[in-house]
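K.L.:
Whole structure, please, built from the sequences with the hints as guidance.
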Amino acid sequence: MTRTLEPDMIKRMVYMVLSTRPDEIGCGECLEQLDRFIEMKLAGKNAAEAMPLVQDHLDRCRDCREEFEALLKAVRSLA
Amino acid sequence: MVERTNRGWQADLRGPGRDDALDDLRSLLVRGLRYALAKYPSVTEADIEDFVQDALLKILDGLDSFRGESRFTTWAQKIAVHEAFTELRRKRWENVSLQDLVTQYEGDFTPTVLTDSAPSPEQEVTQQVLTDVVKRLINEELTEHQRQAMIAIVIAGMPVEEVAHRMGTNRNALYKRLHDARQRLKKRLVAEGISSQDVLAAFGKP
Chain A
1 MTRTLEPDMI KRMVYMVLST RPDEIGCGEC LEQLDRFIEM KLAGKNAAEA MPLVQDHLDR
61 CRDCREEFEA LLKAVRSLA
Chain B
1 MVERTNRGWQ ADLRGPGRDD ALDDLRSLLV RGLRYALAKY PSVTEADIED FVQDALLKIL
61 DGLDSFRGES RFTTWAQKIA VHEAFTELRR KRWENVSLQD LVTQYEGDFT PTVLTDSAPS
121 PEQEVTQQVL TDVVKRLINE ELTEHQRQAM IAIVIAGMPV EEVAHRMGTN RNALYKRLHD
181 ARQRLKKRLV AEGISSQDVL AAFGKP
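Going down the list, the protein sequences come from chains A and B.
For the first sequence, our numbering begins at 1 and goes up steadily by one.
For the second sequence, our numbering begins at 1 and goes up steadily by one.
Since no wrong hints were added, every one of them can be taken at face value.
DSSO-like, lysine-lysine: derived pairs with alpha carbons at most 27 Å apart:
#	chain 1	residue 1	chain 2	residue 2
1	A	LYS73	A	LYS45
2	B	LYS135	B	LYS176
3	A	LYS41	B	LYS39
4	B	LYS176	B	LYS91
5	B	LYS91	B	LYS58
6	B	LYS135	B	LYS187
7	B	LYS91	B	LYS39
8	A	LYS73	B	LYS91
9	B	LYS58	B	LYS176
10	A	LYS73	A	LYS41
11	B	LYS58	B	LYS39
12	B	LYS176	B	LYS187
13	A	LYS73	B	LYS39
14	B	LYS58	A	LYS41
15	A	LYS73	B	LYS58
Hints are computed from structural coordinates only; laboratory data are not their basis.
P.N.:
If you want it as structure tokens, here you go:
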């Protein structure tokens, strides 16, 4: 069965392409720094400002964002 | 449970106190994963135990790579969360073929009309023009692999990791390859005179 590309999908794709920046980091680099990013956030510091490339990757990558949100909950539960 | 510093954890996990340290770490990681995965009702206590067991092996293997930039327990929990999600994604997508998934979207690129907010006739025209441009650029600029990966990830919602696995690569390498592809597509979109404002006018807010 062939599905149609809904406007929402085209919109998502075009926005994603247009927001591409040359200095993006990959999932490996994001994961590498995620523990530090989370601790900064939990300490009430502006992690997004201190580590903008990690924040940028989390905004773009659903897989990494999912792990970030889960890790945040896990670490909060241990605090 | 014994309170340990980062060095304490590393020393105990390498030395004679290893069994106690492993038990303590296991309890911490299980507790953390229960919270982390609470919104996934299909995850059982046995699954969590398995995820933690796999994570503990990775943690012991990677002790030398811990650089002390965060608390040891945060670093270890990160590995446990990553293990858990890798396994959950694998299970969720194990019976889905990349080829079948992509084929569903390859033939007809005609957009359907939005049901919740019907576009004006002008918007419909712009949507059609943009859709045609996007389709053309995807076909012209991307390799077969990049096109398949982009459709699977962005449109069909398959995790990067699962697409990478089926393509014989890893998540980081595939992300980098798609980043190159997006940069090329962006250059072409800009050259075609398409801006975020055009997309906003045609489709509304992202």
